[in-house]
Amino acid sequence: MDDIVIETSHLSKMFMIGTTERMTLFSSLRYKLSGDFPVREFWALKDINFSVRRGEMVAVLGPNGAGKTTLLRILSGIIASTGGTFSVRDKVSTIFELGLGFNSRLSALENLYLYAALHGITRKEINRKLPEIMDFSEVGDFMGAKLGEFSSGMKARLAFATVVQTVRGIIMIDEALAVGDAAFQKKCMSAIEKLLNDGKTVLVISHGMGDARKFCSKALYINHGIQKGFGDINEIEQQYLNDASTTPAF
Amino acid sequence: MSHKKWFGEMFSKPYWNMVGELAFSNFKQKDQGTFFGFLWTLINPLLYFLVLYTIFNKWMGSKVSDFPLYLIIGIVQWNFFSSATTNAISAILSNASVIVSMDVEKSALVFSSVLSVLFSHIVELITLIIVFVLIKGTISLYWLWLIPLLVLNIYLVVSFSFILATVGVYFLDMSRIWGLAMSIGFFLTPIFYPMSVISQDKRIIILCNPMTHIIYAARSILIDRAMPAFGGLLYVVILSTILFVFGFAYFKKKEGYFVEKIYG
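Listed in order, the protein sequences are those of chains A and B. Residue 36 in numbering that gives the first Met the number 0 sits at position 37 of the first sequence; the count goes up by one each step and never skips. Residue 44 in numbering that gives the first Met the number 0 sits at position 45 of the second sequence; the count goes up by one each step and never skips.
Honestly, the hints are just simulated from the structure, not real lab data. Among the hints, erroneous ones may be present.
[Said to hold, decoys possible] Taking lysine-lysine and the DSBU-like style, the derived pairs with C-alpha atoms no more than 30 Å apart in a straight line are: (1) K185/A - K217/A; (2) K27/B - K31/A; (3) K251/B - K128/A; (4) K57/B - K90/A; (5) K29/B - K123/A; (6) K90/A - K135/B; (7) K260/B - K135/B; (8) K45/A - K253/B; (9) K128/A - K45/A; (10) K128/A - K260/B; (11) K123/A - K186/A; (12) K29/B - K260/B; (13) K31/A - K135/B; (14) K45/A - K12/B; (15) K217/A - K193/A; (16) K145/A - K253/B; (17) K145/A - K186/A; (18) K12/B - K145/A; (19) K227/A - K128/A; (20) K135/B - K123/A; (21) K31/A - K252/B; (22) K227/A - K213/A; (23) K145/A - K252/B; (24) K260/B - K31/A; (25) K145/A - K128/A; (26) K201/B - K29/B; (27) K227/A - K217/A.
[As the list claims (entries may be wrong)] One-sided excerpt, in silico: chain A residues whose CB lies under 7 Å from chain B: (28) R21; (29) T23; (30) P37; (31) F41; (32) G76; (33) I77; (34) I78; (35) G82; (36) G83; (37) L105; (38) S106; (39) L108; (40) L113.
Keep in mind that this is a model prediction, so the values were computed, not measured. Cβ coordinates follow ideal geometry from the N, Cα and C atoms, glycine included.
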């Protein structure tokens with residue numbers, strides 16, 4: 000089991016519901032003094048144990064609110080965990096929701112430079128990759144236009160193209176594959192295949208398994224923050240689908 | 000949380016490349032990246048100058064030699080402190096979309112917020128020096144002292160900024176509170192009046208204000224063409240260091256919770 004790039008052990012995350020809200024200085028002092036902070040513990044993740052090897056693509060399955068995004072956010076260092084340990088032994092690029100933290104008031108190109116800088120990539124390096132990014136995203140002439148003027152499909156394409164061309168080690172995708180038309184999705188699939196062949200690691204969130212499924216070797220299934228299973232994609236997917244069909248539809 | 004060697008990272012080239020790009024984009028957004036948009040930032044100190052000069056010239060002009068120059072130096076120095084610290088409150092908040100989508104070294108966001116205000120401050124300083132050359136007809140080697148003074152002013156601003164950026168995430172009303180503090184601070188700083196008009200027993204209040212010493216040093220350098228008084232500046236160094244050590248530790252302790260707090 001050598002060459003493990005992501006590994007978790009009893010990884011847990013608790014949110015203190017009630018304290019995460021931002022308040023005014025005055026109301027916060029009032030709560031502090033009175034001592035009755037209206038808080039409730041909420042375990043978004045409990046005891047998650049799994050590992051991913053270099054060059055592997057692993058799917059994270061589970062219904063809405065299962066804790067999938069929370070897990071990816073912890074692994075990518077965006078939020079802190081509460082308990083357990085984890086290690087990520089490579090550089091992480093993420094595609095969460097749409098846009099990668101892109102700013103709608105800046106042009107596509109300016110966003111690209113900013114994104115690169117935030118990932119420790121120089122302008123020179125990104126300029127070299129620019130033709131490929133433009134080609135892949137099919138954004139073309141719009142590189143100088145403000146991102147606010149882009150359609151959501153264009154934004155998603157630009158985001159995906161940027162990450163694919165700049166990823167260094169691990170790529171974490173949060174259902175971003177669902178956007179884009181059929182042709183673009185197909186392109187994404189071949190890009191992912193190429194990344195895997197290059198020894199990059201992919202961790203992808205998915206409700207249902209689309210085309211991406213065929214590259215996944217393993218899956219992690221979580222529900223209500225609890226790990227239901229981790230292992231071979233076919234078994235885990237079957238388990239997930241069985242659970243979904245036995246849960247009464249609302 | 001992956002433990003990053005932030006201290007080493009802070010001295011690396013990619014870190015400052017990131018700070019620069021963030022500051023540049025922050026700056027571009029604020030002023031829409033246009034020349035006239037940029038002029039707006041210069042109009043603020045100019046308007047302050049015109050109003051204060053018109054009102055106080057008769058009164059203060061008799062107490063202070065070179066009152067217009069005295070006044071403009073005070074305004075320019077104060078303006079940097081006030082705008083940079085105010086900007087720092089939203090250093091994290093305005094980059095919420097960035098920190099929720101990737102793991103960035105968050106201290107870079109604070110430095111970049113200071114840097115984006117520093118651009119216009121440097122333009123103001125250069126304008127100021129040109130005005131001095133035109134009025135006085137000479138230049139002075141003593142003016143080189145403005146460089147270490149600027150570094151000290153940045154240090155002071157950065158020290159405040161780490162604290163403000165952190166509390167800015169936690170409290171909704173921080174920018175109002177700091178706005179109030181800055182309004183009061185303006186009057187507690189000898190910008191348009193000299194120390195001599197303050198009664199002896201109340202001077203301590205003004206002397207506790209670090210900006211008093213920065214402004215006085217700038218005036219010594221530019222108007223008197225002399226070395227600044229080091230006693231006051233030493234106080235600023237010590238105060239900034241205390242604030243920086245405390246503020247940076249506080250920021251580092253809380254930064255792991257910024258995303259939860261903003262999107263909670």
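Hint by hint, here is what the structure shows:
Annotation: proposed proximity of K185/A to K217/A holds, straight-line Cα distance about 21 Å (limit 30 Å). Restraint check: the Cα-Cα separation between K27/B and K31/A comes to about 40 Å, which exceeds 30 Å; the hinted pair is violated. Between K251/B and K128/A the alpha-carbon distance is near 34 Å, which puts this suggested pair outside the 30 Å criterion. Taking the CA atoms of K57/B and K90/A, the gap is near 64 Å; set against the 30 Å cutoff, the hint is violated.
Of the supplied pair hints, the one linking K29/B and K123/A holds, its CA atoms being roughly 26 Å apart against a limit of 30 Å. In summary, the hint linking K90/A to K135/B is not supported, as the alpha carbons are separated by about 57 Å, beyond the 30 Å threshold. At roughly 53 Å between alpha-carbon atoms, K260/B and K135/B are farther apart than 30 Å, so this suggested pair is violated. Using a Cα cut-off of 30 Å, the hinted pair K45/A and K253/B holds, with the two alpha carbons roughly 23 Å apart.
Pair hint K128/A plus K45/A does not hold up; C-alpha atoms about 41 Å apart against a cutoff of 30 Å. Simply put, K128/A and K260/B have alpha-carbon atoms about 36 Å apart, too far for the 30 Å limit, and the pair is violated. Between K123/A and K186/A the CA atoms are separated by roughly 26 Å; this keeps the pair inside 30 Å, and the hint holds. With a C-alpha separation of about 25 Å, the suggested pairing of K29/B with K260/B holds against the 30 Å cut-off.
A threshold of 30 Å between alpha carbons decides the hint, and for K31/A with K135/B the separation of about 58 Å lies outside it, so the pair is violated. Annotation: proposed proximity of K45/A to K12/B is violated, straight-line Cα distance about 39 Å (limit 30 Å). Annotation: proposed proximity of K217/A to K193/A holds, straight-line Cα distance about 18 Å (limit 30 Å). Under the criterion of a C-alpha separation no larger than 30 Å, the hint pairing K145/A with K253/B is inconsistent with the structure, at around 34 Å.
The suggested pairing of K145/A with K186/A holds, with an alpha-carbon distance near 25 Å, which does not exceed 30 Å. About 28 Å separates the Cα atoms of K12/B and K145/A, which keeps this hinted pair within 30 Å; it holds. Of the pairs offered as hints, the one joining K227/A and K128/A is violated, with about 41 Å between alpha carbons and a cut-off of 30 Å exceeded. Straight-line distance between C-alpha atoms of K135/B and K123/A comes to about 45 Å, which puts the hinted pair past the 30 Å bound.
Among the hinted pairs, K31/A with K252/B is consistent with the structure: their alpha-carbon atoms are about 19 Å apart, no more than 30 Å. Taking the CA atoms of K227/A and K213/A, the gap is about 21 Å. The hint holds against a cut of 30 Å. At roughly 36 Å between alpha-carbon atoms, K145/A and K252/B are farther apart than 30 Å, so this suggested pair is violated. A C-alpha spacing of about 17 Å is found between K260/B and K31/A, which places the hinted pair at or below 30 Å, so the restraint holds.
Distance restraint check for K145/A and K128/A: the Cα-Cα separation of roughly 20 Å lies within the 30 Å cut-off, and the hinted pair is therefore satisfied. With a C-alpha separation of about 39 Å, the suggested pairing of K201/B with K29/B is violated against the 30 Å cut-off. In summary, the hint linking K227/A to K217/A is supported, as the alpha carbons are separated by about 14 Å, within the 30 Å threshold. Checking R21/A against chain B: minimum C-beta separation of about 5 Å stays under 7 Å; hint holds.
A hinted interface residue such as T23/A counts as satisfied when its beta carbon comes closer than 7 Å to some beta carbon of chain B; here the least separation is about 4 Å, so the hint holds. Checking P37/A against chain B by beta carbon gives a least distance of about 13 Å; that is not within 7 Å, so the hint is violated. Nearest Cβ of chain B to the Cβ of F41/A: about 11 Å, over the 7 Å cut. The hint is violated. Annotation: G76/A was flagged as interfacial toward chain B, and the flag holds, the nearest CB pair being 3 Å apart, inside 7 Å.
The closest approach between the C-beta of I77/A and any C-beta of chain B is roughly 6 Å, which is under the 7 Å cut-off, so the hint is satisfied. Evaluation of the I78/A hint against chain B yields a held restraint, the C-beta minimum of about 5 Å falling below 7 Å. With 7 Å as the threshold, the beta carbon of G82/A stays out of range of chain B, its nearest partner Cβ sitting at about 12 Å, so the hint is violated. Checking G83/A against chain B: minimum C-beta separation of about 12 Å lies over 7 Å; hint violated.
For L105/A, the interface hint holds, since its Cβ comes within 7 Å of a Cβ in chain B; the closest pair sits about 6 Å apart. A distance limit of 7 Å between C-beta atoms decides the matter here; for S106/A the minimum to chain B is near 9 Å, and the interface restraint is violated. A least Cβ separation of about 11 Å between L108/A and chain B goes past the 7 Å threshold, and the interface hint is therefore violated. With a cut of 7 Å, the hint placing L113/A at the interface with chain B holds, because the nearest CB-to-CB distance is about 5 Å.
Hints 2, 3, 4, 6, 7, 9, 10, 13, 14, 16, 19, 20, 23, 26, 30, 31, 35, 36, 38 and 39 from the list above are not met by this structure, while the remaining hints are.
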